[in-house]
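> Residue-level listing of the chains:
2 protein chains.
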Amino acid sequence: MDSMIDLTGELLIGARRQDGGQKRFQAINPATGKAIEPFFSGAGAAEIDQACALAAQAFAAYRATSSATRAKFLEAIAARIEEIGDALIARAVLETGLPKARIEGERARTVGQLRLFAGVVREGGWMGLRVDPALPDRKPLPRPDLRLRKIPLGPVAVFGASNFPLAFSVAGGDTASALAAGCPVVVKAHPAHPGTCELVGRAIAAAVAESGLPEGVFSLLSGIGNELGAALVSDPRIKAVGFTGSRAGGLALAALAAKRAEPIPVYAEMSSINPVLLMPAALAARGEKLGESFVASLTLGAGQFCTNPGLVIAARGPGFDAFMQKASEALAAAPASTMLHPGIFKAYQAGVERLASHAKLVGRGRKADGPNQCQSALFVTDAQDFIADETLSGEVFGASGLVVGCADLQEMEAVITSLEGQLTITLQMDAADNAAATALLPLLEQKAGRILANGWPTGVEVSHAMVHGGPFPSTSDSRSTSVGTLAIERFLRPVCYQNFPDAVLPDELREQKIGQSWRRVDGEMRAPG
Amino acid sequence: MDSMIDLTGELLIGARRQDGGQKRFQAINPATGKAIEPFFSGAGAAEIDQACALAAQAFAAYRATSSATRAKFLEAIAARIEEIGDALIARAVLETGLPKARIEGERARTVGQLRLFAGVVREGGWMGLRVDPALPDRKPLPRPDLRLRKIPLGPVAVFGASNFPLAFSVAGGDTASALAAGCPVVVKAHPAHPGTCELVGRAIAAAVAESGLPEGVFSLLSGIGNELGAALVSDPRIKAVGFTGSRAGGLALAALAAKRAEPIPVYAEMSSINPVLLMPAALAARGEKLGESFVASLTLGAGQFCTNPGLVIAARGPGFDAFMQKASEALAAAPASTMLHPGIFKAYQAGVERLASHAKLVGRGRKADGPNQCQSALFVTDAQDFIADETLSGEVFGASGLVVGCADLQEMEAVITSLEGQLTITLQMDAADNAAATALLPLLEQKAGRILANGWPTGVEVSHAMVHGGPFPSTSDSRSTSVGTLAIERFLRPVCYQNFPDAVLPDELREQKIGQSWRRVDGEMRAPG
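These protein sequence lines are chains A and B, in that order.
Each number in this note's numbering corresponds to the 1-based position in the first sequence with 16 added.
Each number in this note's numbering corresponds to the 1-based position in the second sequence with 16 added.
If you're looking for bench data, these hints aren't it; they were derived computationally from the structure.
Please note: incorrect hints may appear among the correct ones.
[Stated by the list, open to error] No farther apart than 27 Å at their CA atoms in a straight line, the calculated lysine-lysine pairs in the DSS-like style are these:
hint : chain 1 : residue 1 : chain 2 : residue 2
1    : B       : K155      : A       : K88
2    : B       : K362      : A       : K275
3    : B       : K116      : A       : K155
4    : A       : K376      : A       : K305
5    : A       : K155      : B       : K88
6    : B       : K275      : A       : K463
7    : B       : K362      : B       : K116
8    : A       : K305      : B       : K155
[What the hints assert, rightly or not] Which bits of chain A does chain B cover? Going by a derived footprint, with three or more residues having C-beta under 8 Å, they are:
hint : region
9    : 156-170
10   : 222-236
For glycine and all other residues, C-beta sits at the position ideal for the given N, C-alpha and C.
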């Protein structure tokens, strides 16, 4: 395979490929359990320092680039990723055990995401321009001329996720939104797919060079163990962190960031069990169908989605029985599938065992016929037990679901009230459920960043109105999203310019230029032109 | 005085006036050093619990109010504050030692601020509406209908500042923006002006009742010591914190908030010395005038502003000498003036003594002729000493200034580079300084939230383009402002509704209503109507 010939296992410190000198490691093919060539280099203190120093040096020039330059750069990254061709797909499949079609879809999403942010940069609304013109004759005091724009925070550390080796990894949503905002990025490669990371990292580095940008706009560090990530988050030149992964990992990084001499924001997308409420009328009308489609969503991609529906809440009755019956059948027929890496597989097994000692097992999917395969699992419990036992609301990453049987809607509400923050909550509902859904909505809004009607939460659209975020512990910062164009706001802060001579103002705030952008004038929104 | 007859010293727990049972305390008239009647009640655990419980109960109903209701409520608060009349002014003067005209101006600012936020609520842009309409025929997958709005975070704890007994206290910017966002507010009264707090608190409680809102929308707790504030920030029903005060206080609250089972955002406006750069041409042309106007800004209100210009950075030469000469003269003539309370006066004296042992004293203002009076102080040092000695860059709250004499522009830049984050940086500049100012601007933007040309940083306009915020430690969250309409965004988070039946959608997102608001459709901004 071409990609393997090509891989060097080196770090990317700006434009330089370099051996890190720390403990070397290999990816594991989860489908075989065997190590894959080549060895990858681990970054040490010197490499972290170099990457951060380059990022800090690059920041001023990078943020000063025009919207057009930055948009073209994002598009160049997309094109370079596409140019890697099948080698990227093959390597990602090898390192993750994910099917080829899924990886191809993810590549389309990744390059689409970069191009979407190019559009956002060009549109310019992200600058948040505001002008309050001078009022020299105002009494008792004149008002100065005030102009506001948003500027980038500075170099951002991005921690790639294991479960989206392209869309949430080296050139994923965090990187795309940080680069769009004008922030240089230092990526810590996920050690489960280092070859995929290297290929994508080289595509970005090539785009940096081709766009005439300073090399420090992007670096890629890799390594195993927690020291690399901790050192990166603690580096004073890093000004924000994007992370997708475990609750323990996210909390550890947030704690480190808070302890810095200068604390910085951490956007960690961590833990969610994505409750699905089967509303009474929908459950009565289509319990069987819901059972079937629930299992399809639960087992999709071995359940390895942040938005996997791990919890179903419903009132007992004939519809509930039909749901359970059909879900059991569908689950029994669900093939085992390879998980992303041995660590995730082990954690999944431990999670299922833990649930088995706290809830009743409904059934398991088909048995594994290879290493690291997720055998789906479904459990059932009662509302009172669920509320009393916090083990039952912990995330089990993978295709493990828990159904909470309730007496009625009121008990369903009590179950929801007991929950921590979530990325999503889904309502399976018919028109006759509208009133009950409306009554529940204020509670649901307090618990989740996205609320769905009659869909399944897996599948996160990359668009303008998406929120992939939510109250703690689904994320460390509910005021933001890590998917969709609103994600750019995570890496910006406002600056006000008071009574500035026009010639010294940033370009977009100058009298001759500001009319070309969306802006608020005395608080009133004005269109360009 | 009417206000004193009227004051009861009780807490306001929703609609109820109540004795807190904890240690009672009195305000001190800083101009006489004497205690003022009556005694004020200290809140204990039970009162904190009741206030937070009422706030949590009120949240759902309060956030569901229409924009019109909420706007009218903010206007009702303003009207009720005005209705208190001279009693409020007299009590605030008595408790703070600030001149009557200043307090009257601050009242105008406070009610203006509430009315400004009423306008923001009516305008509706704060909801951040977005729609990505369904694309049922899209390949390979259809796109669901996605709609986004921002919703309030939940009950907010507000810590009033000592230095703005109206504009940054009970009904100040934090309260106004949180109430505008739809968040109930629990205020911890500043113990230095408890009578002013009670009067304003009762005005808000009256407005709550008159607006037909649930009583828990507002509570006012008071007390001395740190336990009350710590308990409030640690209460699980509190979802965000607004604070203006000392660096130590802000950091303590931020640490508590980060340690909670559910961490919450803390918006602490803390510490800033507000550097003023005297650019070469301006200094050469008008060194004397700058010296005079600098001292006027430094000594305004005994220097008790977050944006007091505590640091001047300039290159030595004839202009510098003229500046120093005139500043010394102006300072010598500056009358001593009463500080807000004995604690601030003591801290000021200690700060001046500390500076005196690290920098050269240029001169002092006129001597005090009463208790707690700030005798202004001016120091000078060299760039190298300033950079090497971090004592010199610590904030001394009050009319104490330090001038850093530099060899040239390059050394001025080195001084700026050595600084922590600031609320403001000011450039005194002439047209001939434009090129140098333009070159410095990227650095200044990294160091401050507001950059002024040819003004003085005291005086913070309450408007749409204002930023009263900045990098750490000027605030704990540089992504926000605590003055101006953008402050509302601190208390909001986005929620996405996917494929919702129109009847169940929040009102403003419904098909018949959404066209009446500013919104992005597929990312494109659209005007109402």
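> In ascending order, which of the hints set out earlier in this document are inconsistent with the structure?
Hints 2 and 10 are the ones this structure does not satisfy, whereas the remaining hints hold.
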